[in-house]
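Asks: What follows is each chain in one-letter form.
2 protein chains.
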Amino acid sequence: MRAAGAKDAEATMIIDCHGHYTTAPKELEAYRQRQIAGLKDPSQSASEAPKITDDQIRESLEKAQLKFQRERGTDVTIFSPRAMGMGHHIGNANTSLHWSRVCNDLICRVCALYPENFVGVCQLPQSPGVPPANCIAELKRCVEELGFVGCNLNPDPSGGHWSDPPLTDRSWYPLYETMVDLDVPAMIHVSGSCNPNFHATGAHYLNGDTTAFMQFLTSDIFTDFPTLKFIIPHGGGAVPYHWGRYRGIAQDLKRPPLGELLLRNVFFDTCVYHQAGIDLLVKVIPIDNILFASEMVGAVKSIDPQTGHYFDDTMRYIEAVPGLTEKDKLKIYQGNARNVYSRLSARLSGRLSASKAESAPH
Amino acid sequence: MRAAGAKDAEATMIIDCHGHYTTAPKELEAYRQRQIAGLKDPSQSASEAPKITDDQIRESLEKAQLKFQRERGTDVTIFSPRAMGMGHHIGNANTSLHWSRVCNDLICRVCALYPENFVGVCQLPQSPGVPPANCIAELKRCVEELGFVGCNLNPDPSGGHWSDPPLTDRSWYPLYETMVDLDVPAMIHVSGSCNPNFHATGAHYLNGDTTAFMQFLTSDIFTDFPTLKFIIPHGGGAVPYHWGRYRGIAQDLKRPPLGELLLRNVFFDTCVYHQAGIDLLVKVIPIDNILFASEMVGAVKSIDPQTGHYFDDTMRYIEAVPGLTEKDKLKIYQGNARNVYSRLSARLSGRLSASKAESAPH
Numbered sequence: 051m052r053a054a055g056a057k058d059a060e061a062t063m064i065i066d067c068h069g070h071y072t073t074a075p076k077e078l079e080a081y082r083q084r085q086i087a088g089l090k091d092p093s094q095s096a097s098e099a100p101k102i103t104d105d106q107i108r109e110s111l112e113k114a115q116l117k118f119q120r121e122r123g124t125d126v127t128i129f130s131p132r133a134m135g136m137g138h139h140i141g142n143a144n145t146s147l148h149w150s151r152v153c154n155d156l157i158c159r160v161c162a163l164y165p166e167n168f169v170g171v172c173q174l175p176q177s178p179g180v181p182p183a184n185c186i187a188e189l190k191r192c193v194e195e196l197g198f199v200g201c202n203l204n205p206d207p208s209g210g211h212w213s214d215p216p217l218t219d220r221s222w223y224p225l226y227e228t229m230v231d232l233d234v235p236a237m238i239h240v241s242g243s244c245n246p247n248f249h250a251t252g253a254h255y256l257n258g259d260t261t262a263f264m265q266f267l268t269s270d271i272f273t274d275f276p277t278l279k280f281i282i283p284h285g286g287g288a289v290p291y292h293w294g295r296y297r298g299i300a301q302d303l304k305r306p307p308l309g310e311l312l313l314r315n316v317f318f319d320t321c322v323y324h325q326a327g328i329d330l331l332v333k334v335i336p337i338d339n340i341l342f343a344s345e346m347v348g349a350v351k352s353i354d355p356q357t358g359h360y361f362d363d364t365m366r367y368i369e370a371v372p373g374l375t376e377k378d379k380l381k382i383y384q385g386n387a388r389n390v391y392s393r394l395s396a397r398l399s400g401r402l403s404a405s406k407a408e409s410a411p412h
Numbered sequence: 051m052r053a054a055g056a057k058d059a060e061a062t063m064i065i066d067c068h069g070h071y072t073t074a075p076k077e078l079e080a081y082r083q084r085q086i087a088g089l090k091d092p093s094q095s096a097s098e099a100p101k102i103t104d105d106q107i108r109e110s111l112e113k114a115q116l117k118f119q120r121e122r123g124t125d126v127t128i129f130s131p132r133a134m135g136m137g138h139h140i141g142n143a144n145t146s147l148h149w150s151r152v153c154n155d156l157i158c159r160v161c162a163l164y165p166e167n168f169v170g171v172c173q174l175p176q177s178p179g180v181p182p183a184n185c186i187a188e189l190k191r192c193v194e195e196l197g198f199v200g201c202n203l204n205p206d207p208s209g210g211h212w213s214d215p216p217l218t219d220r221s222w223y224p225l226y227e228t229m230v231d232l233d234v235p236a237m238i239h240v241s242g243s244c245n246p247n248f249h250a251t252g253a254h255y256l257n258g259d260t261t262a263f264m265q266f267l268t269s270d271i272f273t274d275f276p277t278l279k280f281i282i283p284h285g286g287g288a289v290p291y292h293w294g295r296y297r298g299i300a301q302d303l304k305r306p307p308l309g310e311l312l313l314r315n316v317f318f319d320t321c322v323y324h325q326a327g328i329d330l331l332v333k334v335i336p337i338d339n340i341l342f343a344s345e346m347v348g349a350v351k352s353i354d355p356q357t358g359h360y361f362d363d364t365m366r367y368i369e370a371v372p373g374l375t376e377k378d379k380l381k382i383y384q385g386n387a388r389n390v391y392s393r394l395s396a397r398l399s400g401r402l403s404a405s406k407a408e409s410a411p412h
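Going down the list, the sequences are from chains A and B. Residue 51 is where the first sequence starts when you use my numbering, and the numbers rise one by one after that. Residue 51 is where the second sequence starts when you use my numbering, and the numbers rise one by one after that.
Please note that a few of the clues may not be correct.
Identical copies go unnamed one by one, so any copy, or any two together, can satisfy a pair.
Under the rule of at most 25 Å between Cα atoms (straight-line distance), these lysine to any residue pairs were calculated in the SDA-like manner [said to hold, decoys possible]:
no., residue 1, residue 2
1, Lys113, Thr218
2, Lys101, Gln356
3, Lys190, Pro92
4, Lys333, Thr375
5, Lys304, Asp125
6, Lys76, Lys377
7, Lys333, Leu89
8, Lys113, His359
9, Lys377, Thr103
10, Lys117, Gly88
11, Lys304, Ala114
12, Lys304, Cys244
13, Lys304, Gln325
14, Lys117, Tyr223
15, Lys113, Asp155
16, Lys113, Ser95
17, Lys333, Cys244
18, Lys101, Gln325
The set of hints was computed from the structure by calculation and includes no laboratory data.
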């Protein structure tokens, strides 16, 4: 009902910028297991891509992501391979390349089957100790050939050992140059953890977000790449809750204010699963830097007994933020996503013209 | 003025549960540098404890921690060696033992010089790959001989490589048994980071907090040790901001509700340096689980240009939380600290009798 009310005007398209294909047909995981087995025993290796029918894809989405889109009144999901499944720490660069291509191709098929509902974002074939430049070809393929609008970038391809250089290291620069050339952003997103200290969705994900933000804060990366854009998911990890700490640390380090230093380039999604968290996010972070997202079907799958609604139905929290104007919501629900994912409007042109979207106030 | 108002009643003693001796005389650091040099060249090693006079100690505190206590109207700080300085990743178990004894002895002198203002908490002689049981003797010495009321426990003695087992591993149990026997809690607190991915105060500290909480959530540690108590500092890292996520993950994992699972044993401090963050903390976490703290003089040393007050003057934020009752504040400012640090009231008996404190409503 809330959704129906909110959508009286066509302009209120609701874009969820953070969805993973967590419900992919089991043939995908079987392929991956063969691939992993092949690392030890080449006779086991998966030489062919998994055979998955269109009907299997439809079935995997109809009862999950599409059902929730309909129920919750969201329109489009920026959709990428399962984050936990990226597993960049497994095997070598070749392993990651084959696996990434298979996963990205599957996302492409999802988007082709449901062009109204999904727009693609790719997994990169990262691998510990391998220069990120190795990902350029797959990024180009996904954007130029498959029509994807961005990528997920893993700040820790080691899966919880953090053995590679920070995101601000020069070794990342060739990949960033390509992102700038293609005009696509990256969502910072770790994969699973193979370090027993870190539960994946409960610690490693949020630590990755917090860590990346602080790497940016202490670097000149956005002087070097003024148009490079990153989305920090899961509401920015610990960052908005500690916004005063970050403002203070930046000041103590004689860095520029955070708005000037980072907020032309760094954006936060709304994957925060309770009202108080979303209230804080919207209060502390400028509206222009917040992108609607739910990560459904993802880290938390159940219903909150305190509210009777799904934990990850984040639109409900946004609707309930005190004092949020329609103009603010328009930015959070779509305007900011269109700005950050600059190729998105062209992909959505069948639904709502880009010029109309651009004329939306922001 | 706020403090004067708040302190009309003697019962409103304000206990800051999180202060480090960040301003120790330079002789301490010189000793440490000799110790580190001695790791490579034994002829350089520091055989004697640093010579520091009482006047040097007084001077180091009068213009810093004591000045801020007076200005802000706080009374007692639970005081421990500089967290960044613990450096458990440097050298070996012997290095850490000598360094910990020197640091803890200095805290003991601070507490003896200013028994009204400081109560000691110790650094543990942890070392990567060394069983935590190795810390038992120093913990006992600090509690039984030096009169300390707790310890700081580093969940990652490797300094950002997270190469040791999680806090829920059985190797920690002998230390926990001693904590239970002595009836002292531990504050979970990492030290400096030697991993270039992690800025210490901006990422590693908060990640350590978040990680520890999730380790507890997935374990039965508090079934095994029903009276073991931990304080997670820095407002609990990312945890309160993502409280819905944690409630949901616990539910999905078929764990008991967080209150039952963790909140008899896990407490959060108030080192969150802006109003919106403290508002969220107090809204989301039960009042009984929140301990007043500022970590001054610590991670953020400057004045917030938005408020004109020090970022780490956290009492101001607590005073400004809408709807917080005097009873709530009494718990946050002292009642909860007395409950968690069960040896604290005896140490404070010269100021406010334990029986009076216990009769405070909570």
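Asks: For each hint, tell me whether it holds in the structure or not.
Replies: Taking the hints in turn, this is what the structure says about them:
| no. | hint | result |
| --- | --- | --- |
| 1 | Lys113 <-> Thr218 | neither (41 Å within a copy, 38 Å between copies) |
| 2 | Lys101 <-> Gln356 | neither (42 Å within a copy, 58 Å between copies) |
| 3 | Lys190 <-> Pro92 | neither (29 Å within a copy, 56 Å between copies) |
| 4 | Lys333 <-> Thr375 | both (13 Å within a copy, 24 Å between copies) |
| 5 | Lys304 <-> Asp125 | neither (43 Å within a copy, 32 Å between copies) |
| 6 | Lys76 <-> Lys377 | neither (42 Å within a copy, 55 Å between copies) |
| 7 | Lys333 <-> Leu89 | neither (49 Å within a copy, 50 Å between copies) |
| 8 | Lys113 <-> His359 | within (17 Å within a copy, 53 Å between copies) |
| 9 | Lys377 <-> Thr103 | neither (42 Å within a copy, 63 Å between copies) |
| 10 | Lys117 <-> Gly88 | neither (37 Å within a copy, 65 Å between copies) |
| 11 | Lys304 <-> Ala114 | between (48 Å within a copy, 21 Å between copies) |
| 12 | Lys304 <-> Cys244 | between (37 Å within a copy, 22 Å between copies) |
| 13 | Lys304 <-> Gln325 | between (34 Å within a copy, 23 Å between copies) |
| 14 | Lys117 <-> Tyr223 | neither (40 Å within a copy, 47 Å between copies) |
| 15 | Lys113 <-> Asp155 | within (21 Å within a copy, 64 Å between copies) |
| 16 | Lys113 <-> Ser95 | neither (32 Å within a copy, 68 Å between copies) |
| 17 | Lys333 <-> Cys244 | neither (35 Å within a copy, 34 Å between copies) |
| 18 | Lys101 <-> Gln325 | neither (42 Å within a copy, 54 Å between copies) |
The structure fails to meet hints 1, 2, 3, 5, 6, 7, 9, 10, 14, 16, 17, 18 from the earlier list, while all remaining hints are met.
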